[in-house]
Amino acid sequence: MLEEQYQLTTNDFEATEHLYVAEEQDSMANLLPGFVFWVILIPVGAFAGIMFLEGAKLLAAGIVAGYIVLSMLVSPQLAMYTFLAWQAWDGVFLRKFQLGALTAGKVLAFVVLFSYILHMSRAKSSARIGRGVVVFSLFFVLLGLLTAPMAFEPLIAVKHCFQMFVLALLVVVGLKVIDTPKRLRTAVFWLVAGG
29 MLEEQYQLTT
39 NDFEATEHLY
49 VAEEQDSMAN
59 LLPGFVFWVI
69 LIPVGAFAGI
79 MFLEGAKLLA
89 AGIVAGYIVL
99 SMLVSPQLAM
109 YTFLAWQAWD
119 GVFLRKFQLG
129 ALTAGKVLAF
139 VVLFSYILHM
149 SRAKSSARIG
159 RGVVVFSLFF
169 VLLGLLTAPM
179 AFEPLIAVKH
189 CFQMFVLALL
199 VVVGLKVIDT
209 PKRLRTAVFW
219 LVAGG
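Read left to right, the sequence shown gives residues 29 to 223 (the working numbering).
Keep in mind that the hints were calculated from the coordinates and are not lab data. Be a bit skeptical, because a hint or two may be false.
Unchecked claim - Here are the simulated DSS-like pairs of lysine-lysine, each with C-alpha atoms no more than 30 angstroms apart in a straight line:
no., residue 1, residue 2
1, Lys210, Lys134
2, Lys134, Lys85
3, Lys134, Lys187
Stated by the list, open to error - Here are the simulated distance ranges between beta carbons:
no., residue 1, residue 2, range
4, Leu171, Ala116, 24 to 32 angstroms
5, Pro209, Trp66, 19 to 27 angstroms
6, Gly223, Ser149, 31 to 39 angstroms
7, Pro177, Pro71, 50 to 58 angstroms
In this text the structure is predicted, and so the values were computed from the model without any measurement. Note that CB positions come from ideal geometry on N, CA and C, so glycine has one too.
Given these sequences and hints, build the entire structure.
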């Protein structure tokens with residue numbers, strides 16, 4: 029009996045150790061580490077600052093935004109961090125620049141999805157952990173689409189359903205690319221820092 033208990037304890041330890049090792053391994057190597065992003069952003073930001081001081085404000089914003097979008101396309105992890113950091117600012121800029129239904133956050137969502145599609149072949153893990161949340165979200169989207177014809181504004185209801193569908197896809201991408209405790213801590217940091 030003591031030998032059986034020892035064997036169970038040893039097997040539990042090995043299973044836990046295997047889980048920990050698997051948890052620490054990323055499924056997709058980051059092609060643009062954070063420090064490289066910041067090192068390149070400094071001269072790009074300085075050049076954009078000079079353009080801003082010269083009166084070319086739109087060009088300065090375009091330079092910084094272009095660099096950030098290109099960085100997002102190179103690294104799906106960076107794309108997710110940027111998307112999370114931007115969420116709190118989306119409403120501020122929506123009020124300032126009346127662009128209708130189009131916001132920077134919605135554009136960033138599609139950049140995140142496109143970045144993941146570009147790098148999908150490098151992903152090794154499966155998103156089993158959050159499968160229930162994703163299935164529930166997709167069920168909610170389907171329910172919304174089925175009841176949209178009965179809404180006061182059917183087209184607006186369909187638009188919101190598609191927004192929820194994109195958010196469900198973003199959850200899938202997040203589960204695929206934010207797959208280590210370190211990346212999860214970084215994602216939470218940028219979400220809080222953006223807020």
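Results for each hint:
{"no.": "1", "hint": "Lys210 with Lys134", "in the structure": "holds (26 angstroms)"}
{"no.": "2", "hint": "Lys134 with Lys85", "in the structure": "holds (23 angstroms)"}
{"no.": "3", "hint": "Lys134 with Lys187", "in the structure": "holds (12 angstroms)"}
{"no.": "4", "hint": "Leu171 with Ala116: 24 to 32 angstroms", "in the structure": "holds (29 angstroms)"}
{"no.": "5", "hint": "Pro209 with Trp66: 19 to 27 angstroms", "in the structure": "holds (22 angstroms)"}
{"no.": "6", "hint": "Gly223 with Ser149: 31 to 39 angstroms", "in the structure": "holds (34 angstroms)"}
{"no.": "7", "hint": "Pro177 with Pro71: 50 to 58 angstroms", "in the structure": "holds (54 angstroms)"}
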